[in-house]
Every structure is written in structure tokens, then in C-alpha cells.
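Heads up: the protein sequence lines correspond to chains A and B, in order.
Going by my numbering, the first sequence wraps up at 114, each residue one higher than the last.
Going by my numbering, the second sequence wraps up at 233, each residue one higher than the last.
The set of hints was computed from the structure by calculation and includes no laboratory data.
Positions of the beta carbon are idealized from the N, C-alpha and C atoms, including for glycine.
One should not assume that every hint holds.
[Unchecked claim] Which residues of chain B face chain A? A few of them, derived with a C-beta cut under 8 Å, are:
hint : residue
1    : ILE207
2    : THR221
3    : GLY225
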Amino acid sequence: AQSVTQLGSHVSVSEGALVLLRCNYSSSVPPYLFWYVQYPNQGLQLLLKYTSAATLVKGINGFEAEFKKSETSFHLTKPSAHMSDAAEYFCAVTSGSSASKIIFGSGTRLSIRP
Amino acid sequence: GAVVSQHPSWVICKSGTSVKIECRSLDFQATTMFWYRQFPKQSLMLMATSNEGSKATYEQGVEKDKFLINHASLTLSTLTVTSAHPEDSSFYICSATGGARGASTDTQYFGPGTRLTVL
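The following block holds chain B by itself, in its conformation from the complex:
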């Protein structure tokens, strides 16, 4: 149990376009989801925390108008990179916490990541 999926696994887009990344908890209800970005050979940097039905809480320095997060249900959160530019190219990883069906509320379960390349 406690599986988190992301779609797409990789995406290439032109500069100025918007890209949506989906994060789903497959077998548990994710009351809280987190979005991270990871640059090559670096650790994960938390971008924002979202609770189902509430507005996301963004970390300092993360532009909320550029990285739109929606957590409309207990199994789905989306990250939309608006007007993407080459500097937004990165590996985006989501995680989720929740209870029931093998998931522990004290553990974050990570998705496989989405590789975004902006040309």
C-alpha cells in the first residue's frame, strides 16, 4: 500500500507555455500533499504544502502565481507551472501523507517524479 503516482513522468515544452503535473495517492487518502523540486545532484527543496480543500502554503521564495497548486480531492493534487522558462527545468517530486490502507500519518510517501525540460 501507500503508493503515489505522478503524471507525466517527463515533459518537454516550449518557453512561455504552461505545464500541469498530477500527483495521485492510489490506495490511501492524502490529507496533505507536498511539492518539491530537485536540481541535478542536489537535495529536495520544498516548494509548497497543500491540504485538501485549502489553499497551498508556499515556501519563501516560491512564486505562488507561477507554481499553481490545486488539491481538490483526497487523492489528487496538481502543480501547474505557468509561462514556463528554461530556468524552471527541473525534477518535480510530490509526496503525500494520510491514513488507512497501509499508510502512516507520520510518513511522507513520494511519487516517482516528473522531469520537466523547457526549451
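Only chain A is shown next, with the shape it has when bound in the complex:
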């Protein structure tokens, strides 16, 4: 069985500050991990994915995430927040096959203060 837990349903940071969104996973098989972003009334956009290659994954819009097996974590970071980063962020896990179910976390809403 697989699951993801996102710590903090709402994170607020100042513009220019570090963004850190936390995600911990549970998986009985080597996981594939994803971060998706959702803007209001829109679908999900893939930010980045980990598929057992490099543990530090760089994504779009300056985001990156590090896979830490010992901590079962896949936290999302961005060095300097921008107003346009305000959105809902979902961490997700799957076993990696094309037809496997993707399990989503509960989501973290990121707000950016001017």
C-alpha cells in the first residue's frame, strides 16, 4: 500500500523568502513521486517527478525536491517565492507502472505575502 502525507494544509511566506512544502510517503515498493500544482479552477500541472534516478530533482518555475529514502520524504523547495507561486500543491506517489493508481496527498495551499 502507498500513501503520502503533506504536513501543513496552508503555508504562507513573504515574497522572496524560501518556500518549503513537506511531503512524507509510505510505500512497500520503490516509489515514483510527483509534485503537482493547481491554480484556481484549473487542472493539475506537473512540477517535477522522481523516478529512481537522481535524488535531487529539478522542476519547472525554479522548484526542486529531494528524495530522502532514510526519512521517507520528498519535500518541495524554492529559494525565492514569487507572487505567481500562490496555488495549491499536491504531492503524489505511484508504483511506476503506466496503469498504476496515483495516490495524492491532501494538498498544501501556498500563499505569498507582498
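Dock chain B against chain A, hints included.
For chain B alone, kept in the frame of chain A given last:
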């Protein structure tokens, strides 16, 4: 590449009517498509998984006779909400996986969603 579209983007219907939502993979062959529903301020809940040419596999608690899914081609899946009621009002999102033309088989690509409001 790897673009998924949905039509319509929003729909309002009367209680008791049926609504069809289309999900298309525009530049890759989607061997598997997924349908999710999302209530306000909540995460996505998987409704069903469909493989081209096969019957959809529904998640526990999802009524297959109410949410009809057809995946007749490698680029199109449809979700029909039959006899819709106000409690069916939600944001419905599809996703697709497949290969070629920039799409990876290990990644789900999501459509923009369809907002359904049942009066």
C-alpha cells in the same frame, strides 16, 4: 507535448438530466485514462481507471451505473453523469498516461477539469 484537453470546461444542468464530459489526449496515445472528482478545498479522489477497449475499473463506492465511462479510442475517453443530482456537482478532472511524442508512461498528464453544477 503531452497535452490533455477536456470539454466542456464548465456545464450547468437541471437535476435528472445526463451530462457527458470528454477527455482527449492531443498529441500522444493514452493507453490508460483516469477520472477524478474534486470537491472544494479537497484533494482529488480517483473515480475510475479505463484502458482503451476495456471496461473501466471503478473505485469502491463509485456507482458504475451512474458514472458511465467509455474509452473507445487511444485519444478519447468520456464520462457520462447519468440522472445528475445537485450532490454530483463537483470539479471533474481526467488524466492520461501513454508513450511517444513527449509523454512518459510513468507520468499522468492532467486535463484542465470540468466544473459541473447541477441545479
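Status of each hint after checking the structure:
1. ILE207: holds, 5 Å
2. THR221: Holds: closest Cβ of chain A sits about 6 Å from THR221 (chain B), inside 8 Å.
3. GLY225: holds, 5 Å
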